[in-house]
Amino acid sequence: MKVGGNVIIGAVMLTIFAGMLAMAAQYPDDAGFMPILVGLSGAALCVVQLCQAVAADRREVPTGGEPAAPVPLRREMSLLGWFAGFIAGIVALGFLIAGPALVFAFLVIDQREKIARAAALAVGCLAVLYLVFEVLLELTLFRGLAVPLLFG
Amino acid sequence: MQLDVVIASLINLLTSPGLLGLVVLAVPIGMFFGAVPGLGGKLGIAIMIPFVFGMDPLAGAVFLVSMHAVVHTGGSIPSILLGIPGTGPDAATVVDGYPMAQKGEAGRALGASLGASGVGGVIGAIVLALLLPVLRPVVLAFGPAEFFLLAILGITFIAALSGDNLIKGLIVGCFGLMLAFVGLDPMTGIARFTFGQLFLWDGVDVITAVLALYAIPEMIALGVRGGSVSAISKARANYGIRSVVEGLTDVFRHWRLTVRTSLIGALIGLVPGLGGDAASWICYGHAVQSSRTPERFGKGAVEGVIAPETANNSKEGGAMLPTLFFGIPGSSGMVLLLGAFVMLGIQPGPQLILNHLDLVWTLVWALVLANLIAVLMFLGIARWLGLLAFIRGGLLVPLVFLLAITGSYLGSGSWHNLILLLLGVLGYGLKRFDWPRPPFVIGLILGEIAEVSLHKALAIWGPAFLLRPQALILLAMVGASLLFYLLRRRATRRRS
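Read top to bottom, the protein sequences are chains A and B.
Residue numbers for the first sequence, in numbering that gives the first Met the number 0: 0 to 151.
Residue numbers for the second sequence, in numbering that gives the first Met the number 0: 0 to 495.
Calculated directly from the structure, the hints in this document are not laboratory data.
Hints may be right or wrong, so weigh each one.
Claimed, not checked - Mimicking EDC-like on lysine to aspartate or glutamate, the simulated pairs with C-alpha atoms at most 16 Å apart in a straight line are:
1) B/455 <-> A/29
2) B/455 <-> A/28
3) B/430 <-> A/75
4) B/455 <-> B/163
5) B/298 <-> B/163
Unchecked claim - Distance windows between CB atoms, simulated:
6) B/225 <-> A/114: 19 to 25 Å
7) B/14 <-> A/147: 53 to 59 Å
8) A/73 <-> B/485: 41 to 47 Å
9) B/481 <-> A/133: 49 to 55 Å
10) A/53 <-> B/481: 26 to 32 Å
11) B/341 <-> A/73: 54 to 60 Å
12) B/421 <-> A/133: 24 to 30 Å
For every residue, glycine included, the Cβ atom is placed at its ideal position computed from N, Cα and C.
The following block holds chain A by itself, in its conformation from the complex (with noise of 0.2 Å):
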C-alpha cells in the first residue's frame, strides 16, 4: 500500500504533539495545564485524522485512465534545499556576503540565467541590503558566524 501525504503530516503532527506532550507532563501543574489540554486534543485529533487517511489511500483503486502527472519530487527536495542552504549560508556568512552570493549562485545554478544577469541582482541585493537597512535605517544586519574565524 502507497502511503498518501495525508498520512505523513498526520504522522508528523503526531509525533510532534506525543513529545510535547511528553515534556509537558514533566512541568508543574500551572506551567502544564493548558499544553497538556490542547495536546491531547490534537494528538487525538491526530488519531481520528491518521485512520481517515489509511482508509481513504486503501480505498483509492488503479482508474486505469489516464496515469496522474509525476510528483516533482526532485524539484520539490531541491528547492527546499536551496531553501536551507539560504539559512546555514547567511548564518555561517551573514546577510552582506552570504545573501548576494546565493542570490547569484541560485539563478546561475538553478535557473541557469546568464551570469551577466546574476550578477546584476546579485549586485542589487547587496544594494538594497547594505544602503536600506545598514545606511539608511541603521539597522545591523547579522554578519555570520564564520566571518570572524575567517577573516579575523
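With chain A held as given, fit chain B onto it using these hints.
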C-alpha cells in the same frame, strides 16, 4: 462634544503647511515600513523618534500617528503580490490576496486592500471620536475573564477557517496553540519547550512563523510550478487601473462587511492587552462565517482581502483610545508611540481629554487624513505594483527567500530565530496536501492571551468568572458562533 474644537482642529491641520507637510511625508515612510517584511510600525516609530526629537509636541505626534496609521496599508503589498506578510497581522491578507494575484487579479486585490485600509482607518478614527465621551466604562469593562472569552471566540473561528477539512484545521490550530506555549510560562516562570535555548524564552516569533508557513511554501510551490506568480498571462490578466478601481468599488459593494469588520477591528484595538494582531484574523473568520459562499475563501475571494485590511487600519484608531487617555497601550505598536508621546512632552492620561482636547482632535483628523492620502498615493502606483505578479518565478524565488530571512532576522533581532524558518518545510507539506494554514496563525496569536487570561481570571474570581455579565454575553457569542457554523455546515451538505 465641543463642536468648535472639533472643527478648529481640522482647520488647523488643513491650513498649517507644516502639519500637512508632515502628514504627507509620514505616509510613504509608514507604507515603506509596512511593506518591508520584518520592519513594521514598531520599528518605524523607534527609528523615527530621533527625527521628531525636539519638534513641537503636536507636530511630532501628528507625524508619528500618521506614519503608524498607514503601516498596514503598505503591508498588504507584499502580502498580495508575493505571499509575504509585511507584519504579523498582514498574514490574514495573504490567504485570499495571494490567490487573487495568482488568478491574475493582483490589481483588483490591491484596489480592494487599498479601499478597505482607507475606509477602515477612517471608521477607526470615527469610533475613536464617538467613544471619547463614554470611554472609561467601556475600557474598564474588560478584564481577564473577557480577554479569555474573546480569545476563545477567536479560536472558534478555526472551525470556520478549516473549510471542508475540519479535523485537519483543528489539528493545525492545536499545533499553533502548542507553539504559543513555547517560552517562559507567564505564571510560574518555568521555561517550556525551549530545549535550553535562550532565544526561545520569548516564545516563537509570530513574523518568523508566518513567513515560514506562508512565504516559504508559496515560493517553493512557485519554483516547482514555474512561470510567474500570476498563473494567467499578462495579456489576459486584469492589472490595469480599471481592475484597481474595481477592487476599490468591491469595498463599497460589500459595504456591510466593510462596516462590520471596521467596527470589530476598532473595538478589538480598543481593548488593551488583547493585541491588534488578533483583529485581522477575527475579522477574516467573521467574513468566512458570514458569507453565503464560504467555500470561495482561501481561493481568491475579495471579501477575504477586505475584512482583514479594514480591521488592520481601524484597530489603530481604537488602540489610540486607551493609549492616550489611560496611558495603557492598546497594541504593541502603541507601546512605542506612548513612549514617544512622553518624550515629546505629551502626558497621556485622563487630563489630556480635559485640558488638551484640541490636540486629541488634531490626532483624530491626522488619522483620517493619513489614511486618505495613503489611498491617493497607493492608487497612483498600484497598477505598476501589480506588474510584480508577472515577474518570472525563477528570479523571484531567491529574492523572496532572502527577503523572508531578512524579515525574520529583523523581526526578532536574533540569528537563532532563522532556524525556526525551517518550519517552512512543514508549511510546504501542509500546502502540498491541502491542510488549512490559517488556523495555525490564529492558534499562535491567541494561545498566549487565552492561557494568561484564564489563569488570571481563575485567580481573581475562580470558575465564577464565567458568570460575570460581560462574560455571559461573550459566552453567548461563542455559542452562537459555533451554532451558526454547525447549521451552515449542515445546510451546505444538504445542498451538495
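Here is what the structure says about each hint:
no., hint, in the structure
1, B/455 <-> A/29, "holds, 11 Å"
2, B/455 <-> A/28, "holds, 15 Å"
3, B/430 <-> A/75, "holds, 13 Å"
4, B/455 <-> B/163, "violated, 36 Å"
5, B/298 <-> B/163, "holds, 13 Å"
6, B/225 <-> A/114: 19 to 25 Å, "holds, 21 Å"
7, B/14 <-> A/147: 53 to 59 Å, "holds, 57 Å"
8, A/73 <-> B/485: 41 to 47 Å, "holds, 44 Å"
9, B/481 <-> A/133: 49 to 55 Å, "holds, 51 Å"
10, A/53 <-> B/481: 26 to 32 Å, "holds, 29 Å"
11, B/341 <-> A/73: 54 to 60 Å, "holds, 58 Å"
12, B/421 <-> A/133: 24 to 30 Å, "holds, 26 Å"
Checked against the numbered hints above, the structure breaks only hint 4 and satisfies the rest.
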